[in-house]
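Trainee: Chains as they are written, first to last, in this note's numbering: chain F, 20 to 226; chain Y, 10 to 1050.
Don't take every hint at face value.
As the list claims (entries may be wrong) - Covered stretches of chain F, as calculated for chain Y (at least 3 residues, CB under 8 Å):
#, segment
1, 68-77
2, 135-143
3, 188-201
4, 213-225
I should point out that these hints are in silico values taken from the structure, not numbers from a laboratory. C-beta: ideal position from N, C-alpha, C; glycine also.
Spelled out, the chains give:
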Amino acid sequence: MNGRRKLVRLLVLVGLVAATGALAWTLSNARQGYEPRQPISFRHTRMPGAPDWQVTDAGEVVNAGGYDIPCVYCHTMPYKGRHSTVPSTAVCMNCHQSVGLGKEWVLRMQEYWERGQPIPWVKVHDLPDFVYYDHSAHLNARDASGALKLAEHDAEGRPMVACQHCHGDVAAMEIVSVQNPFNMQWCLDCHRKPEMDGGTDCVVCHR
Amino acid sequence: MRPTDPHERPEPTALDRREFLRLGGTLAAASALATTGCQPPQEATIPFHDMPESLADGLGRARFYRTVLAGSPVQVTTREGRPILVAPPPDDRSGRGVALRHQAAIMDLYDPDRARHPLAVRRGQGAPVPASWAAIETEAIDRLRRAGSRAVLLTGPLASPGLAAAIAALGERTGLRHVAWSPLAADAAARAWEHAFGEPRPARPRLDRAAVILGLGAEFLDRPEEGFEPEFAARRVPDAEAGMSRFIQLEGRLTLTGASADERLRVRDSELAAVAAGLAHELVVGRGLGPLAGDPEVAAALAPFPLATVAERAGLDAARLGAIADELQAGAGRALVVAGGSASSTAQGPALELAALLLNETLGAFAAGLFESAAAPATGTAGALAALAAELRDGKVEALFIAGANPVYDAPAALDFATALEAVPFVLSLADRLDETSRYADYLAPASHPFECWGDAALPRGLFAVQQPVVQPLHDTRGLLDLLVGWGAALGDPAASAAVAAAAAALATPPEPAAAMPAPSPSPAYHYLRAEWAARLALDPASPAFRTAWEETLREGAWQGPAPAPLPGTFAPGAAALLAGLPPPATGLELQLYPHLALGDGRSANNGWLQEFPDPITRISWGGALSLAPRRFDEMGLANGDLLLVDAGHAQVVAPAYRHAGMHYDQVALPLGLGRTACGVIGNGTGPDAWPLRQLAGDQIVAAGLPVTIRRAGGHEALAFAQGSDVIDRDRRPIVPFTTRSAWESDPRAGTEQQEGGPSAWPAHDYPAERWAMAIDLSRCNGCGKCVLGCQAENNVPVVGRLGIIEGREMSWMRIDRYYDAPRRDGRWGAEVWDGPLAVVEEPQTLFEPMLCQHCANAPCETVCPFIATTHSADGLNQQIYNRCVGTRYCANNCPFKVRRFNFWEYSTARESALFRWLEPRLSRHADLNARAPMQMKNNPEVTVRSRGVMEKCSFCIQRIMAARAAATRAGRSGQRLPDGAVVPACLEACPTGAIVFGDLNDPGSAVARLAAQPRAMRLLAAIGVEPSISYLTKVRNDKA
């Protein structure tokens, strides 16, 4: 066997290892950074924060602050069942029958409403079908002292929404993207924490 | 496909090593490139346009509705508006039960072979073409108006007072006549009651009040809809509060009922009446017992039946019959005699029922309150149908409307209904499919499933229930009541007109978002029923009180009306004369036709769950067989499945032979409800059609005691058995705990003897919180199999088809093993027990054992899985993880209970590719059985639909455990142990007798822990140290007379 052959073999082997590694890495982090475009460019950034009414030079009264709308106003029921909802168009219309009239995306939303069609949102946080996740079991979980396990403050004690533990600071995203790996390792990292005591049996998530 | 030859070696590949490596490297590099550039699939998430208020208590949660289905109250589970499960309602007071057919109604609802829109059938002249509802209704109303009393409505049995009222109203306006027909009507009992008490209203025996039950061909456990199971089971445990009952059964075929008997005598159907009369003679004339003693009429009627004579004629041991008489006498006041079942459809049926009444009167059963009064049965008689057929043939009927009846399939052959229909100018069929009868109609007006339309039902004990829709109609179909109310309105009936106007108004006003719930319904039937119910409740339909009562009825399932009239008066001694005209028993061989346990009269024959359900006794699925006594079977040198010709003179049927344990030598039996030709692709041509063998004698249908001859027809048809062996030698295989009451009284551990578990090589598990466990009381279990269907529905278990069963590839997570106990003898049975020796199977002791994953603490499956796809959980579950499983099947091979099932095929996918279907025709069949739209809607979204190549098994309904945990967490009890009863697996939910108990073994106060600690509890195969989580409680046979 000559040297060139050896080299080819070595290269093939290295290639195989690299390919396998790349495949594994891709699959395990398939979701992190996923940032799909939505049919309507809804801006979550305006939702939190108190309104800040200002008068423009033209004499218009505008809100330069937020709308003070909590996550669960639109994404209802994560505390009540397995699924958190994507708001029905009727929820959008709660506000937009009187505000934001004439704006491009609002008009498009109202078209859906008038046609009686739901808005075909693109799923951002998409767990595999063999995972049975329950929002209510996470958001209501309490430790022995009665404190919520998904604390409503961060490590430094600043207040935060429980949703942020997984979904990240959606209010800071111009386009909503996946901030965490959302793979099994990442789930288990949290489930294994002694203070979480989330259970690591397969059937907790798979059935 | 060509079978593979295991000795054939693959051809040496043309690739050499170098080329292989080069190719491999290129492929790997290419795939790496491809994957790094790959995005995960983009999925849509579609919200509601406007979410219904009613979902505001959480998405992804089940909703439960009470309704009625064919006269039985049921609880329907829906997910996102789709019904997915039917179960008996908890705390039901009606005395009705849920039959297998009711449980499987989900599959009827989503049956792809249902008619989806109206059809002009044109009497089968050419293919049916679509028609419009307007055209059909216009013609129907016109015909009704013109035909007057020459119009007839033929229905099945009517349990709905609302429907009856609508029919009566139509009759008043137009003269429309109503004929009800049910092929399995229990005519004989009503006839006997009319003779004895002057009223054709049989009362309902209360098995929970009787200490001694004598069954004369009784089939109370074979008709679960009649709701006898819980009452019977209540006194089948040796430590029952009221004392254990003793059940003696005289029958010709081993029935599900007879399998629970403590003592069983083989008496053929046509002989039963005489034997019953013999017992009556012994008690009344011989021993002077009861109020009828000394009555000359009774004595005269019973004179031909001295016990010894009767015993000799029937080939029975007179001493044994005498002992039964002794027991009845000793138990007088607590003893009950139950006749009925198939034996009552003999020519001797009315006499048999009368003899039973005479015995009950003698034993004081009526006086002691062992019967509760019931309303008259809403069934049609054969006489009425025969009269109708004659009228049809004579051209006396101008318009015939057929709803919920299928006489071309199930009417006596002598009536020749198909020909009779030809003489009718207008036939409209209101069926759910183009069935045998509809093919002879002008139009098919497709009927909605009871889950899609409003109705109501009168239940026993004076209860009334509303049939509320649980889903919008899937197709362009209408409910029968909706149609009739619409016709009534068109013909000027004021009540119907008001209902139609209210419905139209509801349709015209869109529901306001803030309006009070529920929104008014656009269904005329709904408004009609409300008016009917307001009258029944004597309330103003617009009043809040009525609204409250109505909503309460919908929520609670039933409204308590006045109790039915008390038991009819006193026994008329003159009735005994019925015995005098007793037809002689058949000479030679006689045939019994009995309703198929799952399919009943066959109206749900296109239901894969029911077809695949193995009969608890014969263990045959997908069809039926001619049951022969083992001795006759052996004498004829038959093998199971050999085709026999059954010749009843007026009709002949070919059916495969089956060696039926406990069958009387001179009796053969064949199930009814099979052999449909126009129910759909699932049920068509499955099993022999036995209906033509029935005989019409006067106005009575004779379906048993028919004299027949049998001979080989040549050929063989493989029977789809779900079980390999029949007889069990418990000395060698102590896997069914079984004992007698006297043995149990001296040693409560009797029957559970087996070696204790040896030392384990595995470290014990630590169960920090719950340890889930189950206890199954075999004394309560009667083998009905409703747990099997409940499990199938809950856990998306596919239907594998006849071929799948024959190949042993059934997927059912739960099964009920049926064994015949080989009585102990000196030494042990040899290998001959497998052949079912006559000594065992002629007088079998039947044992039922529900078998499911035992969730062993030291599970043999877990240690052999090379992929760790099956592991033990911290709460004692043996977990099966599908996405980790690659299908080595090591686990199934190592499971001593054979409860693991491997997906050899992808049952849940409809392969559209013609290539696939050509390569493997079976794929089309699998798709027909499981995956044709809209069948997928039956699936429970909480359970994975498994794909090909993975192992699966019982999970103790992990989805329900997790749902209970989530509910506890939501209620602020996260991390705490779940209370007893918080988790109800599907099998437990379906069990009518409370034989299954589930809970936390770590909680000493839980029901399951208490049962597991009982001396009757046994864990299977403890000797091999698998430590199952399921405890079986000994089946105790009451041998104490």
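Trainee: Each of the hints needs a verdict: does it hold here or not?
Mentor: Consistency of the hints with the structure:
Beta-carbon proximity to chain Y at under 8 Å applies to 0 residues in the segment 68-77 of chain F; the threshold of 3 is not reached and the given coverage is violated. Residues of the segment 135-143 of chain F lying with their CB closer than 8 Å to a CB of chain Y number 8, which satisfies the three-residue condition for coverage. With 0 residues having a beta carbon nearer than 8 Å to a beta carbon of chain Y, the segment 188-201 of chain F misses the requirement of three or more and the stated coverage is violated. Given a C-beta distance limit of less than 8 Å, the hint that chain Y covers the segment 213-225 of chain F holds, as 7 residues qualify and 3 suffice.
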